[in-house]
Structure formats: structure tokens, C-alpha cells
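Novice: Those letters in the sequence shown? Residues -19 to -1, 1 to 290, per mature numbering (1 follows the signal peptide of the UniProt record, and there is no 0), in order.
None of these hints come from the bench; they were simulated from the model. Ideal placement from N, C-alpha and C gives every residue a C-beta, glycine not left out. The reader is advised that the hints may include incorrect statements.
[Claimed, not checked] Under the rule of at most 30 Å between Cα atoms (straight-line distance), these lysine-lysine pairs were calculated in the DSS-like manner:
| hint | residue 1 | residue 2 |
| --- | --- | --- |
| 1 | K217 | K280 |
| 2 | K280 | K262 |
| 3 | K256 | K96 |
| 4 | K223 | K211 |
| 5 | K153 | K171 |
| 6 | K211 | K262 |
| 7 | K217 | K171 |
| 8 | K256 | K211 |
| 9 | K237 | K96 |
| 10 | K237 | K217 |
| 11 | K96 | K116 |
| 12 | K280 | K171 |
| 13 | K256 | K217 |
| 14 | K223 | K280 |
| 15 | K223 | K237 |
| 16 | K217 | K153 |
| 17 | K280 | K96 |
| 18 | K153 | K223 |
| 19 | K262 | K223 |
| 20 | K256 | K237 |
| 21 | K96 | K262 |
| 22 | K153 | K262 |
| 23 | K211 | K171 |
| 24 | K211 | K280 |
[Unchecked claim] For each label pair, taking beta carbons as the anchor points, the in silico distance ranges come out as:
| hint | residue 1 | residue 2 | range |
| --- | --- | --- | --- |
| 25 | T160 | Y219 | 43 to 51 Å |
| 26 | G81 | Y219 | 22 to 30 Å |
| 27 | G64 | A123 | 22 to 30 Å |
| 28 | G233 | T276 | 21 to 29 Å |
| 29 | G198 | P115 | 54 to 62 Å |
| 30 | T122 | Q199 | 47 to 55 Å |
| 31 | T276 | P92 | 16 to 24 Å |
| 32 | D104 | D145 | 24 to 32 Å |
| 33 | N207 | Y259 | 14 to 22 Å |
| 34 | A57 | K211 | 51 to 59 Å |
| 35 | D104 | A176 | 37 to 45 Å |
| 36 | S66 | K256 | 21 to 29 Å |
| 37 | P59 | E168 | 36 to 44 Å |
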Amino acid sequence: MVFALTAGLSLATGSPSTAGISLTTQSTNSEAAERTDSSVPDGRGNAAREAIPSRTDAPDAQSREPAERANPDPTARPTLSSGSSGTAVRELQRLLTRHGHSTAVDGLFGPHTEKAVRAFQTDEQLVADGIVGPKTWGALTAAPPAEQPAPSPDAPNSCWEAADTDTNYAYKCAFRVVTVNPVPSAETLKDAVFAQAISQFSDRFPFGGCGQVLTVGQICRLQPGNAPVKVVAIGKDYFQLKSLPGHPEGEGRYIKFSLAITGNELVLNVHAWGKPSYGAKGSVISGFVEHIWGTYAQKGIRTLVWPQG
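Hey, can you work out the whole structure from these sequences and the hints?
Specialist: Spelled out as C-alpha cells, the structure:
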């Protein structure tokens, strides 16, 4: 759920060969050269005696082709594109993340996965068409450079659709905030950062209208857009809002913001769900939610750790 500014968003040769057995013939050098593939020279510059082909040993191209199709390479990966799903898509998403083009590993080839594929293809000087064929698979399965450590797939710095049914449209996001070293202090840092985010809410959240301190039961009219929401829960490291009548995305949608430690990273997680609406879907497809919540992670949360950004 995005709270404001969503109402106006739009959901982005030669002659034919003779069949049979040939007899010994006299031929010129050029004729013999033309039959190199099927002739056996006598080594003294004399006439070549053509080898007798076997229908079993030397099938023509037409008879070979079906056999190749009937026995495909079991290690070959399928060609993938927007709309594909399944295990191969999960492998694709993991490999993209290894190469620095992070995306959710959900087995669904959606807009964000296509965006990551195109970016990877551009980096590898391949045709950036968003289609994963043999060349793209080959580049993906090559090890990434040692000096570019692979980012954590659990903190992909992105948003993606998590559910799209008649009764529920959901999306999730995950954004790295800061690397925490040493790791044992991570939980302490997370709790302190969250407490400040709640007590300095109007200074940190990308939309105004909730006041400086966030409290359960509070009604906010998020600005710009005057989008009404209610604060329905606040925990140790999360808060949850619910849209009210008059909200651009419709009534009864929920959104939860939480801080977590993933490896040695402090991560902002966002999960929105509820009744489907044009506004909710449009904000995801357009990339607006990824932009606005990514800004919240970097400008609102990260500056609590590093004031200079």
C-alpha cells in the first residue's frame, strides 16, 4: 500500500545429390574436391573411388534432425521470459543476485526480474531483450568476479508482487539500510534505530500527517494526498497501518514496516496486502513503491545511524 500520490498512476546449393551407390568414375581434380566428403582418393593422383555409404551409418540431415529433438541435452536450461515460472526461474533469480542484479527469489518472472535480466545483459554486452536463452544462461553460470562479492538474496533492495488474487493483492520489499560490524551488536542497534524512527516519525517517514510520535490508534491523513490511515499495531521492531475510507488505494488494505538483521545487514522490510485495487497495483508496476520505500530506508532510517547519509 502506498499512502499518497497514487491516484494518478498508470498501471510500463549446388545440384542435388544422387541417392544410392556410385561406381568408380574418372573425375577432374575439381570434381574430386567437390566430393571430398564422400570420396576416398587412391593417394597417387588417380581417380577417386567413392566410399559406399550405409543408410545406417550416414543418414541424411532430415533423418538426423528428429533424433536430435527426441534426445535433447538433459543439462540444457529452458528459455525464460516474462510470465515464466517455476524452478528454473528461481535458479535465474539466484544467479542474477550473485551477479549483483538483486531480485526476489520467488519463481515468478515478473517486471522486476525482467528489469534485472536486461541490466545483466547490458553489463555482459548481450542483446538486452529480457529473454534468457543459451547465451544469457552461459554468462549467468560463470562465476562473478572475486572483487565483487555477491549481495545477500535476503536483502534485495527491491519490491515485488507477493500475491494477486480476487481477494488479495500483496507486495513485499526489502532494502539494506547499513552493514553492522561487529554482528553481536546488530540487535541492539536495530532496536535503538526503530525506537528513534517511531519517536521522530514525521521527520523520517516520507509522508507527513502523522505527527512526531507514532502511537497505536492514531488516525493520520498522510500528505500530500490527504490519504487516511490508522496505526493498528506497534511492536519492538515494527509498525502496521490500515487504510481507511477515502484512501486512494481503497479501504482495508494493510502495510507493515519492520527492521530485521539479515547476516550483517540492517534491513527494512515492507509488506502490504488487502483487497486488490487499481491504485495498489499501479503503484507497484510503475516502480513508485520501490522508489518511495527505498528512499525511506536510505533517507529516513539510514541517517539515524549515519547522520551524514
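Novice: Taking the hints in turn, state whether each one holds.
Specialist: The hints, checked one at a time:
Under the criterion of a C-alpha separation no larger than 30 Å, the hint pairing K217 with K280 is consistent with the structure, at around 21 Å. Only pairs whose Cα atoms come within 30 Å are accepted, and K280 paired with K262 is accepted, the gap being roughly 25 Å. A distance of roughly 27 Å separates the Cα atoms of K256 and K96; the hinted pair therefore holds under the 30 Å criterion. The suggested pairing of K223 with K211 holds, with an alpha-carbon distance near 5 Å, which does not exceed 30 Å.
The straight-line distance between the Cα atoms of K153 and K171 is roughly 20 Å, inside the 30 Å bound, and the hint therefore holds. For the given pair, K211 sits about 21 Å from K262 by alpha-carbon distance, which is consistent with the 30 Å threshold. For a cut-off of 30 Å, the pair hint linking K217 to K171 stands: about 10 Å separates their Cα positions. Of the supplied pair hints, the one linking K256 and K211 holds, its CA atoms being roughly 16 Å apart against a limit of 30 Å.
Our distance criterion of 30 Å between C-alpha atoms is met by K237 and K96, whose separation comes to about 26 Å. As the CA atoms of K237 and K217 are separated by approximately 13 Å, the hinted pair is consistent with the 30 Å bound. Of the pairs offered as hints, the one joining K96 and K116 holds, with about 17 Å between alpha carbons and a cut-off of 30 Å not exceeded. Only pairs whose Cα atoms come within 30 Å are accepted, and K280 paired with K171 is accepted, the gap being roughly 16 Å.
Simply put, K256 and K217 have alpha-carbon atoms about 27 Å apart, close enough for the 30 Å limit, and the pair holds. At roughly 24 Å between alpha-carbon atoms, K223 and K280 fall within 30 Å of each other, so this suggested pair holds. Proximity of K223 to K237 is assessed by CA-CA distance (about 9 Å); at most 30 Å being required, the pair is judged to hold. Taking the CA atoms of K217 and K153, the gap is about 20 Å. The hint holds against a cut of 30 Å.
Between K280 and K96 the CA atoms are separated by roughly 24 Å; this keeps the pair inside 30 Å, and the hint holds. At most 30 Å may separate the alpha-carbon atoms for a hinted pair to count; K153 and K223 meet this at roughly 16 Å. For the suggested pair K262 and K223, the alpha carbons sit about 17 Å apart, so the restraint of at most 30 Å is met. Between the alpha carbons of K256 and K237 the distance comes to roughly 15 Å, so the proposed pair stays at or under 30 Å and holds.
Pair hint K96 plus K262 holds up; C-alpha atoms about 17 Å apart against a cutoff of 30 Å. Only pairs whose Cα atoms come within 30 Å are accepted, and K153 paired with K262 is accepted, the gap being roughly 12 Å. Under the criterion of a C-alpha separation no larger than 30 Å, the hint pairing K211 with K171 is consistent with the structure, at around 24 Å. Annotation: proposed proximity of K211 to K280 holds, straight-line Cα distance about 24 Å (limit 30 Å).
Roughly 21 Å separates the CB atoms of T160 and Y219, a value that falls outside the hinted 43 to 51 Å. Taken as a hint, the range 22 to 30 Å holds for the pair G81 and Y219, whose Cβ atoms sit roughly 29 Å apart. Between G64 and A123 the CB atoms are about 26 Å apart, so this pair conforms to the stated range of 22 to 30 Å. The hinted range of 21 to 29 Å is satisfied by G233 and T276, whose Cβ atoms lie roughly 26 Å apart.
Separation of G198 from P115 is about 58 Å and conforms to the stated range, judged on CB atoms against 54 to 62 Å. Our hint of 47 to 55 Å for T122 and Q199 holds, since their Cβ atoms are close to 51 Å apart. Range check, T276 to P92: Cβ separation about 19 Å, and the 16 to 24 Å hint holds. The hinted range of 24 to 32 Å is satisfied by D104 and D145, whose Cβ atoms lie roughly 30 Å apart.
The hint said 14 to 22 Å for the Cβ distance between N207 and Y259, and at roughly 19 Å that hint holds. A hinted range of 51 to 59 Å for the beta carbons of A57 and K211 is consistent with their spacing of about 53 Å. For D104 and A176, the hinted distance range of 37 to 45 Å is satisfied, since their beta carbons lie about 40 Å from each other. Under the hint 21 to 29 Å, the C-beta atoms of S66 and K256, about 24 Å apart, fit the expected range.
For P59 and E168, the Cβ-Cβ distance of about 42 Å falls inside the hinted range of 36 to 44 Å, so the restraint holds.
In this structure, the one hint that does not hold is number 25.
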